[in-house]
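Since chain A is already given, all that's left is putting chain B on it; use the hints.
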Amino acid sequence: IAGITQAPTSQILAAGRRMTLRCTQDMRHNAMYWYRQDLGLGLRLIHYSNTAGTTGKGEVPDGYSVSRANTDDFPLTLASAVPSQTSVYFCASSPELSDTQYFGPGTRLTVL
Amino acid sequence: AQKVTQAQTEISVVEKEDVTLDCVYETRDTTYYLFWYKQPPSGELVFLIRRNSFDEQNEISGRYSWNFQKSTSSFNFTITASQVVDSAVYFCALSVVPGGTSYGKLTFGQGTILTVHP
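Chains A and B, in that order, give the protein sequences. Following the working numbering, the numbering of the first sequence begins with 1 at its first residue and continues without gaps. Following the working numbering, the numbering of the second sequence begins with 1 at its first residue and continues without gaps.
By construction, these hints were calculated from the structure, which means they are not laboratory data. Accuracy of the hints is not assured; some may be wrong.
As the list claims (entries may be wrong) - Taking lysine-lysine and the DSS-like style, the derived pairs with C-alpha atoms no more than 30 Å apart in a straight line are:
no., chain 1, residue 1, chain 2, residue 2
1, B, Lys-16, B, Lys-38
2, B, Lys-70, B, Lys-38
3, B, Lys-38, A, Lys-57
4, A, Lys-57, B, Lys-3
5, B, Lys-38, B, Lys-3
6, B, Lys-70, B, Lys-3
Remember, predicted model here, so these are calculated numbers, not experimental data.
Isolated chain B, as found in the complex:
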C-alpha cells in the first residue's frame, strides 16, 4: 500500500519569506510518480509538477523548486520569496504504475495550509 505524509498541517509566513513544504512517501514499488497540487481558496485543484521515481534531478520553475530524495523518501516543495497569492492548500500525491492490484490511483497527503501574510 502507498502512503503520503505531510507533517505540516499549517504554515504561516510573511510575504517574501522562503517556505518549504515537506512530503514523505511510502511505497514498495520501484516505479512510481510524485505530484504536487495547489488548491487556492477558490477550491479548484491545480497541477504543479509530476516526477517519476527514476529522475532525482531537482527542478526549478520560477519561484517554485522541488527536491526529490529517494534515500529519505521525500519530495519537498520550496517557494522562494513567497507572495500573498501563494496562499493555498498544497497536496503531495503518489501513484504507482498500474498492474496487479494497482490501478494508478493518486494517494494524497492530508495537505498543508499555507498562509502568506502581506
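This is chain A alone, in the form it adopts within the complex:
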C-alpha cells in the first residue's frame, strides 16, 4: 500500500490518560509532520521531522511529543491528555522540507 496510514481512526480518551497516535508512510519520504485541525483555525503544525533521528517543534507543540526512530514511523504522544486536545490529527510526509506534503486519513480524538 502506497501512502500514509494513521491509527487509530478515532478514539475517545479520558482526561489525564496517555495516548499515542501512530503514523506510518511507505514512500521513503524524509520529512514528516503532525498537524491538528480545529474548526475555524485550519491546520496547525504540532511537530515535524526533517529526517530520521531529528525532530522539531511547530506552532502548537505544548502537551505533545514525537520521536522518529526510523524513516517510516512518526508517532505522536499525548503524555496526559486534556479536553483542549480534542481535535482531528493529521500526519503528513514530503520528500524533503518544503516539498509537497501528502496527508494521512486523520485520527479523530475526543478527550473527555
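Only chain B this time, still in chain A's reference frame:
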C-alpha cells in the same frame, strides 16, 4: 512570519456555476510555495496544486484553474462549471524554503466551505 487568509468562510452555488475561491498571503521571503488542498466530506486532505514564487503563469487543469498574482499577493482558485462532487472544504497554504528559523512548514488558511447544489 507567514499568514494565509481565505476571506470567504462559506460559498454556496448551483451546479454548473463558476466559482472563485480567494486566497491572500503574507510573507517576507522572496522564495516560497503556494498550495491548494481539497478536503471532501470524507475528511482526507487531497493535494491539488503547488506553485513556486517565481512562476506566475496561470495554470489550468480540467475545470480547475489558478491565478497567481504576486503584485496583490493572491493565489485564487476557480472551478468552472461546478459539480456536486466539488463540494468540500478548500485550503490555501504557504511554505517558505527552509533556513534560519524556517523549517518548511505549511501555513494554512482557515479554509472555504464550498457547497454545490444540484
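Tested hints:
Using a Cα cut-off of 30 Å, the hinted pair Lys-16(B) and Lys-38(B) holds, with the two alpha carbons roughly 19 Å apart. A hinted pair counts as satisfied when its Cα atoms are at most 30 Å apart, and Lys-70(B) with Lys-38(B) qualifies at roughly 23 Å. Between Lys-38(B) and Lys-57(A), the direct Cα distance comes to roughly 26 Å. Compliance with the 30 Å bound is thereby established for this hinted pair. For the hint pairing Lys-57(A) with Lys-3(B), the CA-to-CA distance comes to about 18 Å; that is within 30 Å, so the pair holds.
Proximity of Lys-38(B) to Lys-3(B) is assessed by CA-CA distance (about 19 Å); at most 30 Å being required, the pair is judged to hold. A threshold of 30 Å between alpha carbons decides the hint, and for Lys-70(B) with Lys-3(B) the separation of about 15 Å falls inside it, so the pair holds.
Checked against the numbered hints given earlier, this structure breaks none of them.
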